[in-house]
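Asks: Sequence:
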Amino acid sequence: MSHVRVYTRTGCHLCEDAIAIVGRLAGPPHTVELVDIDADPAITDEYTIRVPVVEVDGEEVAQYQVNEAVLAGALGA
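For the sequence shown, the working numbering assigns the number 254 to the initial residue and increments by one for each residue that follows.
Careful: at least some of the hints might be erroneous.
The calculated label-pair distances, taken between Cβ atoms and stated as ranges, are [as the list claims (entries may be wrong)]:
#, residue 1, residue 2, range
1, Ala295, Gln316, 12 to 20 Å
2, Gly264, Asp298, 12 to 20 Å
3, His266, Glu313, 16 to 24 Å
4, Gly264, Gly329, 29 to 37 Å
5, Pro294, Glu321, 16 to 24 Å
6, Pro294, Gly329, 13 to 21 Å
7, Pro281, Gly326, 17 to 25 Å
Honestly, the hints are just simulated from the structure, not real lab data.
As the structure is a computational prediction, the values presented were derived from the model and not from experiment.
Here a beta-carbon is modelled for each residue, glycine too, at the ideal position from N, C-alpha and C.
Using the sequences and the accompanying hints, generate a full structural model.
Replies: Given below as structure tokens:
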């Protein structure tokens, strides 16, 4: 089981695409956490122009666009 974290923000069309891909590939038993970067100034500063960012178990596996094969590999699929 892996924990997937997606850094996102409102109005980001690439974020919506990333969330859809993560939703298809990271169902149970994996857990998914969506982090709105605009909710925390420290996170906003770090990720302001890099979203979406996808991490699997704390390791960054995607930025801007999600490669399904890379994400599947990170999830052990």
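Asks: Is the distance from the Cβ of Pro281 to the Cβ of Gly326 consistent with 17 to 25 Å?
Replies: Holds, at about 19 Å.
Asks: Range first: 12 to 20 Å. Now tell me if the beta carbons of Ala295 and Gln316 are that far apart.
Replies: For Gln316 against Ala295, whose Cβ atoms are near 18 Å apart, the range 12 to 20 Å holds.
Asks: Range hint 12 to 20 Å: satisfied by the CB atoms of Gly264 and Asp298?
Replies: Given range 12 to 20 Å: holds, Cβ gap about 18 Å.
Asks: Starting from the range 16 to 24 Å, see whether the pair Pro294 and Glu321 falls in it by beta-carbon distance.
Replies: At 32 Å between Cβs, range violated.
Asks: Taking the CB of His266 and the CB of Glu313, does the distance hold inside 16 to 24 Å?
Replies: For Glu313 against His266, whose Cβ atoms are near 20 Å apart, the range 16 to 24 Å holds.
Asks: Cβ-Cβ distance between Pro294 and Gly329: within 13 to 21 Å?
Replies: With Cβ atoms ~35 Å apart, the hint is violated.
Asks: Could you tell me whether the CB distance from Gly264 to Gly329 stays inside 29 to 37 Å?
Replies: Because 33 Å falls inside the window, the suggested range holds.
Hint check: violations occur at hints 5 and 6; the rest are consistent with the structure.
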